[in-house]
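Engineer: Respectively, the protein sequence lines represent chains E and Y. Reminder that position 139 of the first sequence reads as 542 in the working numbering, one-by-one numbering, no gaps. Reminder that position 93 of the second sequence reads as 106 in the working numbering, one-by-one numbering, no gaps.
Just to be clear, a hint being listed does not mean it is correct.
To be verified - Below, simulated DSBU-like cross-link-like pairs (lysine-lysine); rule was C-alpha separation at most 35 Å, straight line:
#, chain 1, residue 1, chain 2, residue 2
1, Y, K181, E, K607
2, Y, K310, E, K549
3, E, K549, Y, K199
4, Y, K310, E, K607
5, E, K611, E, K579
6, Y, K145, E, K611
7, Y, K145, E, K512
8, E, K611, Y, K181
9, E, K611, Y, K278
10, E, K549, Y, K15
Note that these hints are calculated values from the structure, not bench results.
So you can see what is in the structure, the chains are spelled out below.
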Amino acid sequence: MPSISVAICTHNPRLDYLSRVLNSLKQQSLPYSDWELLLIDNASATPVSESVDLSWHPNARVIAEAELGIASARLRTMREFSGELLVFFDDDNVMAEDYLQRCSELFMKRPDLGAVSGCLMPEYEAQPPEWFAPYESWIAVRRITKSTWSNFLDSRSEPVTAGMCLRRSVATAFIKATTENPIMRILDRRGSSLLSGEDVAIAKTAMKLGYSVGQFAELRILHLIPKRRTIPAYLFSLYRHQCASGHLMGWVDGLGQTPIQLSWRMLLRAAYRFVRGNQISRRLVIEELRGFQLARKISRDWTDGQQGTANSKGRL
Amino acid sequence: MKLSVIICTHNPHPGYLRRTLDALKAQTLQREQWELLFIDNGSKEHLAESWDLSWHPHARHIREDELGVTPARLRGIRESQSELLVMVDDDNILRFDFLVNAVEISNAYPFLGAWGASIEGEFEHQVPHWLKPHLHTLAVRAVNRDYWSNYYPDHRSMPVGAGLCIRKSVAVAHARALATRPASVKLDRKGSSLVSGGDIDLAMTAYDCGLGTGVFQRLQITHIIPKARMTVDYLCRLLEGIEYSTHLLRHQRNPNYCPLEENSKSKRWFRAYQVWRLPEPTRSFVQAENRGLARAKAEIAAKPTGI
């Protein structure tokens, strides 16, 4: 059986959620001796170590990562973990009691797997607006009944970072890739920014090494979703950032050489949807365009920053 | 016995079949480890008399009188005696290491149920420019990496019939499934008809068995494309047949499936305008596909039970 490291990244956690998460870890069917627990406190205002007790686990520690950003926290974990498999949880992921055991069995049975995630069912504190139902995947909800896996990029088998289980070799390669191409860190989600794209980047790293990735129905997580993440203003902002992330991911793939552009075709389609659609789809069109603008701005800032450093180096 | 090679042929071109058999003769996998089933699918002349297979210790001539690729393959599946089957068409030239690699993949990827090859074309005359985007329709699809998945996102991980490797358990499940929906047998090539859902149906059974499908670079095939298949007319008929059989097959596999109907009138007009703007012969190809789709829709609407 491969040994497992469980990492929970948290930033100013809601303590009632965090205690449910830790409880679900306490109840894992896999014996404590087979896994270690890392709690990464990502620049919380009050140190998390003051409010949680991890003494029930023989092999647990709190790591304080001062640099704000979920990506920094994950990279730090990838450097520090000691197991053969690494499982990432967010501080609102309550896992089924067989989660770790099934991860371990799955990776033993399938040596071709590099990174997987599971079925994420929502527990809403407040019901989201009705129109939101088809877009649940934005907030990392995956109601999976059938496992899907592939060794090429496709949205149906793409794992998400919530509950993601990956191999050590994938983590090592990911650290190497981000160190060599700092441009990959442009999507780091810092504080209140909602950019994302790390899941795809990890999946791509795994596939470059020849591994498959997938979503597996037997890995079950309850995703706790607070009220503030189901109000329309948040959802629209999230959508805007996701659109921006999409543009930026393409830009990162081209290592900053391919410009971010809107084609006439895309504009025409946007115009058509704006004219013909209902209120929601109009709003989404606007957010898409704002997401485009945001991506342009971020990429321009990055390029300027790079030139700035290059110039100052030149002067030295 | 590690694998069974099943060749289904119907009035073969002697030159092509000769090269297919020569390629099998040159395989590096020891002949004791595989058998050769030569299925004569209702050819005018009985092929057993004219084709000598005595060079192979485990070769058999089998005559299947029911015409069609699917009945011929089902016969081959019934007669085979190993756990891995390789379907070879009578115009497929396998590279010398094909069978060795097929066995290796079978051992290394126990989670795959059906997988195929990287297929290069050998064209009887120069490929016209309009054919280039459609080569995969003629089962010419070279890959430069391996692909696999356990669902059907697109053709990247979906093997075609030429050089299809399939586990016996999946093939048997396919035969059993066909017994419950006999209409699907009609969806495959038969004589000169060009519907061809059988390859996909066979490979997709792997998903039903909880396994995946794949395409591997190290399995190499040369597919001979005769002049007659490089005409606009042939490609139109082929595209129509594929479109028709794909939708009908999906409906037969899942009776709830219906091809999507475009409700918005303006979008339909826009589509029509787009098609009208296309240059020939691309326009004919799109129109052929639309005909296939329309036929499938009509048939599904006429028989809502799907049987």
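Engineer: Going through the earlier hints one by one, which of them does the structure break, listed in rising order?
Structural biologist: Going through the list in order, the structure violates hints 4, 7, 9 and respects the others.
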